[in-house]
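Undergrad: Join the two chains, each given in its own frame, into one complex according to the hints.
Just so you know, the protein sequences line up as chains U and V, in that order.
Be aware that the first sequence starts at 1, since it is given in our numbering, and climbs by one per residue.
Be aware that the second sequence starts at 1, since it is given in our numbering, and climbs by one per residue.
There may be inaccurate statements among the hints.
Claimed, not checked - Here are the simulated DSS-like cross-link-like pairs (lysine-lysine), alpha carbons at most 30 angstroms apart as the crow flies:
hint, chain 1, residue 1, chain 2, residue 2
1, V, Lys-40, V, Lys-102
2, V, Lys-37, V, Lys-3
3, U, Lys-57, V, Lys-40
4, U, Lys-57, V, Lys-37
5, V, Lys-40, U, Lys-13
6, U, Lys-57, V, Lys-3
7, V, Lys-102, U, Lys-13
8, V, Lys-68, V, Lys-57
9, U, Lys-57, V, Lys-67
10, V, Lys-41, U, Lys-57
11, U, Lys-57, V, Lys-102
12, V, Lys-41, U, Lys-13
13, V, Lys-56, V, Lys-67
Derived by calculation from the structure, the hints in this document are not laboratory data.
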Amino acid sequence: KAGVTQTPRYLIKTRGQQVTLSCSPISGHRSVSWYQQTPGQGLQFLFEYFSETQRNKGNFPGRFSGRQFSNSRSEMNVSTLELGDSALYLCASSLFGSGTGAKDEQYFGPGTRLTVT
Amino acid sequence: EDKVVQSPLSLVVHEGDTVTLNCSYEVTNFRSLLWYKQEKKAPTFLFMLTSSGIEKKSGRLSSILDKKELFSILNITATQTGDSAVYLCAVRSGNTPLVFGKGTRLSVIA
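If we strip away everything but chain V, and leave its shape as in the complex, we get (with noise of 0.2 angstroms):
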């Protein structure tokens, strides 16, 4: 069975701390991996990271993908209050629907 995991399950930080949020994964037939961030709503789409895509990075935020250790990191720079929220990790495998983790509470505090 497809499986997704992430770390740690929540995080308190102050603003301008920099933080690492990690998802790692087991896959029969990987295919892409997506980061999102749940704030009070819906998730919004962040990143997809793919074998032809293992970097990607916009603003603060930049995400890697490592397909041989099978775990992928997103990093947020200079925090600030409104990075405060759910941060999900989902894998595709083939021609499976998504798969997501528990996701990443991260708290920032002023």
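Bound-form chain U, shown alone (with noise of 0.2 angstroms):
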């Protein structure tokens, strides 16, 4: 099975522009989870979305949104870009995320790099 795919692994932009990230889970998971990774702070979770819908969502400014879309496959974007937002964004896949199943194993993408200058 192909894992966790995200695009774009790298990236750069400018304070104030907008980022899209995505993430495509494994197949036949339906739940997505975004995580930001920073040295400081560690893995800090963004939101979850099971079979479309936003399930979870983190302690983040409303700069940082999400959506699924019937393939399963997620983006999440960031509007007016901060110098804070570099980062390390992971995506991680499931088969039902927080929701009920003894499944709770999450696989990670390789992430993308953001840098804002």
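TA: In structure tokens, the structure reads:
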């Protein structure tokens, strides 16, 4: 089975711009979660989607948004970029996510390294 | 607020040593605890422990869960330089997202 894929892998943007990141989950997985990873804060949860519905949202400003399509692919968008948004953005897929189900394993994609200058 | 604390933050050992990494947690409705290994890029899944599976083993790696004392350990025996990585512990409580610890950075020197 192919793993989780994310595009692009690297991105450089300037302050004030917006960016869209894409994630394709493992085939058959219906849940996609997004995380921001920085050296100081570690892995912080952004949001989770399941069957095109946002199930959970982390403590991030409204500039961060996401969506999921009917084929389970997901995108996240950050508008009005700030220097502090520079980070590794990770997407993870699982069968059920935080919903009821024994299969809690979550598998990560390679990430998108975003640099804001 | 759910909390996951890993210790030590970093560790340097020699090849062949055995290491024990710790993960303690405080969550309201424990469901599962997961261990990941992160090298230069994405975290890779190692183990998941639940109430019905409190001990897991794969090669030189093993992990146990103590639900009473609210912690887990990850053991690596006969360490190799390829084990150098950040090891992440995450806990799921009820139907909430995974909460990650800050990780333990393990360096194995030849």
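Undergrad: If a hint holds in the structure, say so; if it doesn't, say that too.
TA: Now for the hints, and whether the structure bears them out:
{"no.": "1", "hint": "V/Lys-40 - V/Lys-102", "verdict": "16 angstroms, holds"}
{"no.": "2", "hint": "V/Lys-37 - V/Lys-3", "verdict": "20 angstroms, holds"}
{"no.": "3", "hint": "U/Lys-57 - V/Lys-40", "verdict": "27 angstroms, holds"}
{"no.": "4", "hint": "U/Lys-57 - V/Lys-37", "verdict": "25 angstroms, holds"}
{"no.": "5", "hint": "V/Lys-40 - U/Lys-13", "verdict": "22 angstroms, holds"}
{"no.": "6", "hint": "U/Lys-57 - V/Lys-3", "verdict": "17 angstroms, holds"}
{"no.": "7", "hint": "V/Lys-102 - U/Lys-13", "verdict": "27 angstroms, holds"}
{"no.": "8", "hint": "V/Lys-68 - V/Lys-57", "verdict": "21 angstroms, holds"}
{"no.": "9", "hint": "U/Lys-57 - V/Lys-67", "verdict": "27 angstroms, holds"}
{"no.": "10", "hint": "V/Lys-41 - U/Lys-57", "verdict": "24 angstroms, holds"}
{"no.": "11", "hint": "U/Lys-57 - V/Lys-102", "verdict": "20 angstroms, holds"}
{"no.": "12", "hint": "V/Lys-41 - U/Lys-13", "verdict": "21 angstroms, holds"}
{"no.": "13", "hint": "V/Lys-56 - V/Lys-67", "verdict": "14 angstroms, holds"}
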